[in-house]
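Residues per chain are reported as follows:
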Amino acid sequence: MLFKSHGGVHPNDMKAPANEAVITTIPQPPQVVIPMSQHIGAPCTPLVAVGDEVKLGQKIGEAKAPVSAPIHASVSGKVVAIEPHLNNLGNMVTSVVIENDFKDTPAETMVPAPAEALESPEQIADIVREAGIVGMGGATFPTAFKITSGWGKVDTVIINGAECEPYINSDYRTMVEHPEELLKGIALIMKACKVDKAYFGIELNKKFAIDLLNFKGAKQMGIEIVPLKCQYPQGAEKTLIKTITGREVPPGGLPAAVGCNVFNTFTAYSVYRACYEGWPAIERVVTVAGSAIADPKNVKVRVGTSMEWVFEQTGGFAKEPWKIIMGGPMMGMAQYDLEVPCGKGTASLLAFAGDEDKTVADPVCIRCGQCVDGCPMNLQPIYMYMYQQKGDVEMLQKLNIMDCVECGSCSYICPGRLHLTHAFKTGKAMVQAHLAALKAKEEAEKAKAEAEAAAKAEPAKEEKKEEK
Amino acid sequence: MNEERKLIVSSSPHIRTPRSTRAIMLDVIIALLPALVMSVVMFGVDPLIVTAVSVISCVVFEFLYRKLLKKPGGVGDLSAVVTGMLLAFCMPPTADNWWLAIIGAFFAIVVVKQLFGGIGKNILNPALAGRAFLLISYAVRMTTWAPARFQHIDAATAATPLSSLHAGQLVDGEFNAVFDMLIGNIGGCLGEVSALALLLGGAWLVYRKVISLRIPVTYIGTVAVLTLIFPRGNNALFWMLQNLLSGGLMLGAIFMATDYCTSPVTPKGQLIYGVGCGLLTVLIRYFGSYPEGVSFAILVMNLCAWLIDQHTAPRRFGVVGKKTKAKKEDAKA
Chain W
102 MLFKSHGGVH
112 PNDMKAPANE
122 AVITTIPQPP
132 QVVIPMSQHI
142 GAPCTPLVAV
152 GDEVKLGQKI
162 GEAKAPVSAP
172 IHASVSGKVV
182 AIEPHLNNLG
192 NMVTSVVIEN
202 DFKDTPAETM
212 VPAPAEALES
222 PEQIADIVRE
232 AGIVGMGGAT
242 FPTAFKITSG
252 WGKVDTVIIN
262 GAECEPYINS
272 DYRTMVEHPE
282 ELLKGIALIM
292 KACKVDKAYF
302 GIELNKKFAI
312 DLLNFKGAKQ
322 MGIEIVPLKC
332 QYPQGAEKTL
342 IKTITGREVP
352 PGGLPAAVGC
362 NVFNTFTAYS
372 VYRACYEGWP
382 AIERVVTVAG
392 SAIADPKNVK
402 VRVGTSMEWV
412 FEQTGGFAKE
422 PWKIIMGGPM
432 MGMAQYDLEV
442 PCGKGTASLL
452 AFAGDEDKTV
462 ADPVCIRCGQ
472 CVDGCPMNLQ
482 PIYMYMYQQK
492 GDVEMLQKLN
502 IMDCVECGSC
512 SYICPGRLHL
522 THAFKTGKAM
532 VQAHLAALKA
542 KEEAEKAKAE
552 AEAAAKAEPA
562 KEEKKEEK
Chain G
20 MNEERKLIVS
30 SSPHIRTPRS
40 TRAIMLDVII
50 ALLPALVMSV
60 VMFGVDPLIV
70 TAVSVISCVV
80 FEFLYRKLLK
90 KPGGVGDLSA
100 VVTGMLLAFC
110 MPPTADNWWL
120 AIIGAFFAIV
130 VVKQLFGGIG
140 KNILNPALAG
150 RAFLLISYAV
160 RMTTWAPARF
170 QHIDAATAAT
180 PLSSLHAGQL
190 VDGEFNAVFD
200 MLIGNIGGCL
210 GEVSALALLL
220 GGAWLVYRKV
230 ISLRIPVTYI
240 GTVAVLTLIF
250 PRGNNALFWM
260 LQNLLSGGLM
270 LGAIFMATDY
280 CTSPVTPKGQ
290 LIYGVGCGLL
300 TVLIRYFGSY
310 PEGVSFAILV
320 MNLCAWLIDQ
330 HTAPRRFGVV
340 GKKTKAKKED
350 AKA
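Heads up: the protein sequence lines correspond to chains W and G, in order. The first sequence finishes on residue 569 if you use our numbering, and the numbering steps up by one all the way, no holes. The second sequence finishes on residue 352 if you use our numbering, and the numbering steps up by one all the way, no holes.
Do not rely on the hints blindly, as some may be mistaken.
Claimed, not checked - Straight-line Cα separation of at most 27 Å, DSS-like style, residue types lysine-lysine; simulated pairs: (1) G:K228 with W:K459; (2) W:K179 with W:K156; (3) G:K228 with G:K287; (4) W:K401 with W:K308; (5) W:K330 with G:K228; (6) W:K529 with W:K542; (7) W:K542 with W:K526; (8) W:K459 with G:K287; (9) W:K491 with G:K89; (10) G:K140 with W:K499; (11) G:K25 with W:K491; (12) W:K491 with W:K526; (13) G:K25 with W:K420; (14) W:K557 with G:K90; (15) W:K549 with W:K526; (16) W:K557 with W:K526; (17) G:K140 with W:K459; (18) W:K540 with W:K557; (19) W:K308 with W:K320; (20) G:K25 with W:K526; (21) W:K499 with W:K529; (22) W:K330 with G:K287; (23) W:K526 with G:K89; (24) W:K320 with W:K285; (25) W:K499 with W:K459; (26) W:K557 with W:K542; (27) W:K491 with W:K557; (28) W:K459 with G:K90; (29) G:K86 with W:K529; (30) W:K308 with W:K298; (31) W:K549 with G:K25; (32) W:K499 with G:K287; (33) G:K90 with W:K491.
Said to hold, decoys possible - Interface residues of chain G toward chain W, partial, derived using beta-carbon atoms under 8 Å: (34) T36; (35) R335; (36) V338.
Note that these hints are calculated values from the structure, not bench results. In this text, a Cβ means the ideal position worked out from N, Cα and C, and glycines have one as well.
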């Protein structure tokens with residue numbers, strides 16, 4: 102059965118040639134820089150000090166807040182610095198710098214969980230939390246919190262194997278090379294979420310993986326593989342839920358509002374590794390590709406490895422790149438410093454040397470309406486852009502700009518080459534600032550009114566006292 | 020970083036479709052070629068001359084305007100070429116009208132398009148507005164038709180099927196007449212005569228996803244339904260077919276009404292727009308003083324495009340329709 106999602110665009114998927122490249126290991130870097138914030142939520146506080154010896158998989162950062170994920174050492178060695186470093190979002194983040202001793206001495210905690218622990222949803226969630234697992238698709242939402250907050254609300258687990266962004270193959274290679282582990286990981290997630298049915302959505306350009314997972318007995322485990330039409334953004338959470346279940350997540354709501362919880366393919370695989378092998382989230386399969394790359398491939402990268410090291414160890418650049426992207430070409434972040442370390446959610450590193458972005462000097466809207474047709478959230482990018490350029494915050498709110506998922510479909514399809522997605526990111530910030538200002542004003546007025554009321558009441562009280 | 024590397028940092032997405040404005044316009048030009056070829060077959064070399072004059076004047080006016088006013092962009096997007104071709108297509112196929120094309124091109128490009136801000140900003144379709152301007156200003160020249168090469172008449176000028184229809188008459192020899200209209204063996208505007216060639220171009224545009232079927236189908240469909248319900252003459256079916264195949268309906272529905280800039284962008288809006296164009300076309304053809312209603316119908320609907328857009332926003336994702344919501348609330352109460 103074919104499922105079509107609303108809107109969407111059809112970029113060339115560019116999966117070849119890296120989709121045929123077996124996942125390989127690259128030499129470890131002499132030093133890793135591990136940011137203390139690799140997730141949505143509270144940043145971690147370092148648990149180690151400069152000079153400490155750390156072991157592989159040792160917990161080196163933790164936060165008390167529920168929406169957070171601990172961070173582990175991705176190599177064994179010595180902590181040489183704890184200082185701010187540039188991260189992939191362009192922020193300076195406190196990071197633990199570890200000098201690698203190349204011994205990979207495992208921490209005592211890196212042992213498989215006892216079998217009986219894997220029978221209880223609470224204990225699986227605990228293991229997932231302790232392993233620091235986050236949404237590996239790039240959103241990096243703490244997985245354990247997603248599981249526990251869905252209890253009682255969620256009746257359907259969806260595994261996101263759409264991998265709809267061009268170039269990226271890390272999920273596909275994981276499906277093909279670790280199908281049994283992946284299915285076991287999904288089974289664990291189902292158990293943790295207290296449901297017995299999971300849908301595994303995979304785009305049809307990964308036919309081999311679909312067949313393989315079916316062959317490996319996905320159905321018998323209660324996992325239904327759902328072939329999806331190749332269409333971007335098929336893997337966007339709300340789009341995927343709509344495609345597979347027909348349910349629509351309300352504006353501003355979470356998937357749990359319609360009884361769904363969505364997990365990325367690599368997240369499921371990481372859950373398997375945490376439970377059955379004792380490995381925390383310290384390693385990620387990364388696709389290295391793009392027109393500047395000499396030899397596109399998929400490699401295992403330890404968290405904290407600099408992009409520069411990964412590029413060097415995978416054969417370097419064939420052409421001088423003008424753009425380096427961490428993540429996919431549609432939603433990834435352009436980087437300006439190759440020292441930026443790879444994180445838990447880094448699915449790909451791309452380097453472009455060709456005419457990929459087709460920027461023009463004077464973008465002009467020709468009102469073709471392709472952006473309206475392509476928007477998966479049923480928005481009207483053409484008008485949102487006009488009002489964003491005018492700075493009309495109220496019209497932006499009327500046009501539901503906050504529903505925008507920043508998938509990039511409108512910018513991709515625009516023949517006039519308008520920077521639509523960019524404008525909407527800015528526009529959303531404008532709306533938020535406007536709302537915050539309104540709220541502050543309201544509070545200030547309220548406080549003022551209260552103060553005045555109190556000032557009036559007090560003399561009255563005093564008068565009463567005097568009367569007494 | 021040891022070596023100096025110049026890296027661009029910009030907002031995602033980092034890839035874009037190869038389909039630029041220029042590529043889209045090129046597809047439109049390709050789609051217009053079959054009709055031009057048929058016109059040359061029917062009327063000789065004259066249509067080529069008129070088209071060339073019209074295209075060159077459009078491009079020159081656009082170039083000069085942008086250059087003299089020091090505005091960015093130029094003629095590279097090929098939109099002026101499309102306007103030029105469309106303008107020529109709704110002119111009589113006789114070369115002695117060549118200077119009319121220059122006047123039309125000036126009105127279309129400078130007054131209708133550039134004075135409103137250029138591509139994407141004009142509120143009227145430039146080619147149609149140019150045609151309307153010429154029709155009003157040079158009514159006789161614009162409605163003096165040369166006979167097609169294989170037409171069985173001896174006169175130097177021919178009545179078009181449309182003018183017969185306007186008089187409430189079906190063209191004689193019903194089946195042959197329909198066939199002639201399909202291939203273009205009739206009197207009429209330069210690029211409007213062959214419905215088949217225009218449909219072929221339309222198929223190319225749909226195949227290339229330059230246009231969706233929403234506007235052409237609702238437009239032609241509305242005209243078909245209305246002429247079938249309210250026929251004149253003794254054969255409703257032939258009345259409908261001749262109405263569909265004559266005049267500028269095919270050119271209008273496929274190439275003019277689908278003009279991006281002057282049509283709604285919302286899917287629902289495009290359906291309403293198509294129906295509106297069809298309705299107005301039939302009303303003008305039936306009750307107007309001009310035989311042809313397509314130009315004015317589309318021009319009037321052009322003016323409504325923005326209004327239609329505002330009232331046809333797509334349903335917000337994640338919000339159930341008003342009806343179901345009301346029902347739910349009723350159930351709750």
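Results for each hint:
no., hint, verdict
1, G:K228 with W:K459, "holds (20 Å)"
2, W:K179 with W:K156, "holds (9 Å)"
3, G:K228 with G:K287, "holds (18 Å)"
4, W:K401 with W:K308, "holds (23 Å)"
5, W:K330 with G:K228, "holds (18 Å)"
6, W:K529 with W:K542, "holds (20 Å)"
7, W:K542 with W:K526, "holds (24 Å)"
8, W:K459 with G:K287, "violated (31 Å)"
9, W:K491 with G:K89, "holds (23 Å)"
10, G:K140 with W:K499, "holds (23 Å)"
11, G:K25 with W:K491, "violated (32 Å)"
12, W:K491 with W:K526, "holds (15 Å)"
13, G:K25 with W:K420, "holds (13 Å)"
14, W:K557 with G:K90, "violated (64 Å)"
15, W:K549 with W:K526, "violated (34 Å)"
16, W:K557 with W:K526, "violated (46 Å)"
17, G:K140 with W:K459, "holds (23 Å)"
18, W:K540 with W:K557, "holds (25 Å)"
19, W:K308 with W:K320, "holds (16 Å)"
20, G:K25 with W:K526, "holds (25 Å)"
21, W:K499 with W:K529, "holds (12 Å)"
22, W:K330 with G:K287, "holds (25 Å)"
23, W:K526 with G:K89, "violated (31 Å)"
24, W:K320 with W:K285, "holds (12 Å)"
25, W:K499 with W:K459, "violated (31 Å)"
26, W:K557 with W:K542, "holds (22 Å)"
27, W:K491 with W:K557, "violated (45 Å)"
28, W:K459 with G:K90, "holds (21 Å)"
29, G:K86 with W:K529, "violated (37 Å)"
30, W:K308 with W:K298, "holds (22 Å)"
31, W:K549 with G:K25, "violated (53 Å)"
32, W:K499 with G:K287, "holds (19 Å)"
33, G:K90 with W:K491, "holds (20 Å)"
34, T36, "holds (6 Å)"
35, R335, "holds (6 Å)"
36, V338, "holds (7 Å)"
In summary, the structure is inconsistent with hints 8, 11, 14, 15, 16, 23, 25, 27, 29, 31 from the numbered list given earlier, while agreeing with the others.
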